[in-house]
Each structure stands twice: as structure tokens, then as C-alpha cells.
Amino acid sequence: MPLQQKIFAISISILLFILIIDLVRRRMLREEYSWLWLLTGAVIIVLASWYELLMSITTLIGIVLPTSTLFFFGLLFLMIISLYYSTKISSLYDRVKDVSQEVAILKMEVSRLIDRGSKSDEP
Amino acid sequence: MNLEHRALSEHRKVIIVIPAHNEERNLPSLLESIRKKISEVDILVIDDGSTDRTARVAEKSGALVATLPFNMGYGAALQTGFKFALMKRYQYVVQMDADGQHDPGSIQALLDEIGKEDVDVVIGSRFLGNKERYKASFVRRTGIYIFGKIASIITGQSSTDPTSGFQALNRDALRFYASPYYPVDYPDADVIIMLHRAGLRIREIPVTMHTRKEGKSMHSGLKPLYYIFKMFLSMFVTLLRNDRFVRRVEKKEG
Chain A
305 MPLQQKIFAI
315 SISILLFILI
325 IDLVRRRMLR
335 EEYSWLWLLT
345 GAVIIVLASW
355 YELLMSITTL
365 IGIVLPTSTL
375 FFFGLLFLMI
385 ISLYYSTKIS
395 SLYDRVKDVS
405 QEVAILKMEV
415 SRLIDRGSKS
425 DEP
Chain B
35 MNLEHRALSE
45 HRKVIIVIPA
55 HNEERNLPSL
65 LESIRKKISE
75 VDILVIDDGS
85 TDRTARVAEK
95 SGALVATLPF
105 NMGYGAALQT
115 GFKFALMKRY
125 QYVVQMDADG
135 QHDPGSIQAL
145 LDEIGKEDVD
155 VVIGSRFLGN
165 KERYKASFVR
175 RTGIYIFGKI
185 ASIITGQSST
195 DPTSGFQALN
205 RDALRFYASP
215 YYPVDYPDAD
225 VIIMLHRAGL
235 RIREIPVTMH
245 TRKEGKSMHS
255 GLKPLYYIFK
265 MFLSMFVTLL
275 RNDRFVRRVE
285 KKEG
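Chains as they are written, first to last, in the working numbering: chain A, 305 to 427; chain B, 35 to 288.
Hints in this document: simulated from the structure, not taken from any laboratory.
Honestly, I wouldn't trust all of these hints.
Derived SDA-like pairs (lysine to any residue); straight-line CA-CA distance at most 25 angstroms [unchecked claim]: (1) A/LYS411 - B/ASP219; (2) B/LYS47 - A/LYS392; (3) A/LYS401 - B/ARG90; (4) B/LYS94 - A/LYS392; (5) B/LYS183 - B/ARG90; (6) A/LYS401 - B/MET269; (7) A/LYS401 - B/ASP86; (8) A/LYS411 - B/ASN276; (9) B/LYS264 - B/SER213; (10) A/LYS401 - B/TYR215; (11) A/LYS392 - B/LYS183; (12) B/LYS94 - A/LEU410; (13) B/LYS122 - A/SER404; (14) A/LYS401 - B/TYR108; (15) B/LYS117 - A/GLU406; (16) A/LYS411 - B/ASP76; (17) B/LYS47 - A/ILE418; (18) B/LYS122 - A/GLU406; (19) B/LYS122 - A/MET412; (20) A/LYS392 - B/GLY96.
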């Protein structure tokens, strides 16, 4: 793998790494969601800097160019991340649903209580 | 308007749950005819984030009204009613649509059937021994037919109208409908399979349904396609699932 490619891949991954850590530091990204991103960055750094490992993986899964291996893993992680988010969205949807159903019921109960209170206040 | 005069804890044995989304034109006549046909019931309208005056119109007609903070869809609105009914310990629940498709004259028949206490869910079928031909789009009719057949095969009992939202439930069924097992997007034929697997007893009786009067159906545009896809997927994974909702039979609640 040419040196430029290596430098490019590693520097992009390091930038990504720093960005994620900074987002967590500024509380804009929860730790819970940062780990997959950090893992992605870390794997790209390792693969780009450790040429022998990259080559052996490349031949192992039958890819011709080592750069394709990098792209492949990048893409794979992106897919995993979106899938992970889909499951999060699904569970968030369930919670929003439960909360809004309860809000609707409680709102009705409260207004009925208030109605009853104002009725019994009258002589 | 005698609802407010009674204490919050006191109520009748039966509640009718009606999810409504922008149904201000259909609701008043529907509520009035329910009241005319059957007196000893509470009526709960769930306003599913309507942009018209659905909630006000329903309140004026003397119904209880729960308003969802935003539009959540038919199933989620319906489940709100089930949760309320479960919380308030209603003995029987009737669910029906707000658009006037479900004839209030059939409510008593559903209640009579569920009152026999040998069944947990009574489904009102528009096809069972009915004279009036129900008009629906080709996709919808085909969907109803195919999913009815699949549900029949899996549950081992005839299911002519699995999409019917005109049902009566007892408390065992209510507990299932209010649980997280209940699929809130397009509850349909898959519910019948889930009910069956939960050990709940289902029965169909003929009811009268009309073709809808006002407003837009929720089955329009590309939705029938999504509906078919969702139904196949949902029925398939329901059969794969191991976790089962277990019906409680031992003790009756007072």
C-alpha cells in the first residue's frame, strides 16, 4: 500500500477518533453510542498501519487489492452502526408510545378530577 | 353529561373504545346512535392527534376523551384505550372504528357473546352470513382473504375477517392487548395468531359493516403494500418467537 494512502487513511481515522472523543466530552454524544464509532476508527487505524495483517485478511477473504479490504471494513461498520441505530429507534419508539399513551390517560384523569373539584366547591 | 357527577372510581362494566383521527363529522352521529342502542356503557374516544375538533365534538356528546399528544396511528390509539380500561378494571371492552363503518346495532350482539364467559375475544366479521356486500378495494379484499386463510390454518379455526376492528374483549384478552406484545402498527391478522398462541379463545360472529362515509381511509396509497409485507413478516416472526404471553386463568378479578 503506497505511503500516501496509508497516511491518508490513518489521519482520517485519527481525526474521526478525536471528533468522537470531543463530542463525548462536550456531552453531545452519549458514551453508549460512541463505542461503535470508536471501534470503527480503531480498526481502520490498525488495518492501515499494520500492513501484514491487512494483506493476510485480504488474501484470506479473497480480495485482490488491500485498499478494497479497508473500504469493505469501513462499509461493514457503517452498516452495523445503522442497524444498531434502527434497533435503538425501535426501542425509543416503544418508549415514546408508552409515555404518550400515559400522558393522554393522565391528562384525561386530571381534567376530570379538576371538573369534579370545581363542581363540589359550588354550594 | 352525567359522567362528571359520578366519582372517578365508579363506572359501568363495559367501555367502548373508539380511536379517532380527524373524525369530527362522523363522531357525533356515531356516539348518538351508540347511546340510543345501548345505555349502560362508558364511551372512550381516543383523539389521535387530530387537527380538527374531534376531541371537543366527542366531549360534547358526553364521551370520555383521551387526547394523544401527536398522531400515533390506529393501533397505538387503540391501545391507549385498552390500558385505560385495564387500569380502571372494566369487565368488557368493545373496540370499534370512528368512521361509521361499524354498525352500533351490532354492539349488543358482541356483548352478549363475550358475556357467555366461554370466550376471550369476540370478533365481528363482516363476511360471516351477511347479506350486505362489503365493498373494499381489490388489494384489501385479497389481503383479508389470504391472511384469513393463513390465520385459519395456523389457529385451526375459521377466520373470515381477521382485519376486523370491531371486537369485544374480556379482561384476559385486555391484558394481552395492553401488553407490549400487542403490535401497534396495523394490528390485524397477526393478532389472531398471537391470541391463539397466548391461549386465548377467539370466536367470530356476524356483524353489520357499512362502506365508509366521510374522511380518508387509513388504507390508501402505498399503504396496502406495506400492510401486506408487514402482515407476512409479523405472522412469520410470531411463529418463530418463543416468549409467550401467558393468559391468567386461575383467578377472576372482581
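Hints, one by one, checked against the model:
1. A/LYS411 - B/ASP219: 24 angstroms, holds
2. B/LYS47 - A/LYS392: Violated: B/LYS47 and A/LYS392 sit about 40 angstroms apart, past 25 angstroms.
3. A/LYS401 - B/ARG90: 23 angstroms, holds
4. B/LYS94 - A/LYS392: 41 angstroms, violated
5. B/LYS183 - B/ARG90: 41 angstroms, violated
6. A/LYS401 - B/MET269: Holds: A/LYS401 and B/MET269 sit about 22 angstroms apart, inside 25 angstroms.
7. A/LYS401 - B/ASP86: 22 angstroms, holds
8. A/LYS411 - B/ASN276: 37 angstroms, violated
9. B/LYS264 - B/SER213: 20 angstroms, holds
10. A/LYS401 - B/TYR215: 13 angstroms, holds
11. A/LYS392 - B/LYS183: 35 angstroms, violated
12. B/LYS94 - A/LEU410: 20 angstroms, holds
13. B/LYS122 - A/SER404: At roughly 18 angstroms apart (the allowed maximum being 25 angstroms), A/SER404 and B/LYS122 satisfy the hint.
14. A/LYS401 - B/TYR108: 12 angstroms, holds
15. B/LYS117 - A/GLU406: 8 angstroms, holds
16. A/LYS411 - B/ASP76: 18 angstroms, holds
17. B/LYS47 - A/ILE418: 24 angstroms, holds
18. B/LYS122 - A/GLU406: Distance ~13 angstroms between B/LYS122 and A/GLU406 Cα, so the pair holds.
19. B/LYS122 - A/MET412: 13 angstroms, holds
20. A/LYS392 - B/GLY96: Given pair A/LYS392, B/GLY96 is violated - Cα atoms ~41 angstroms apart, limit 25 angstroms.
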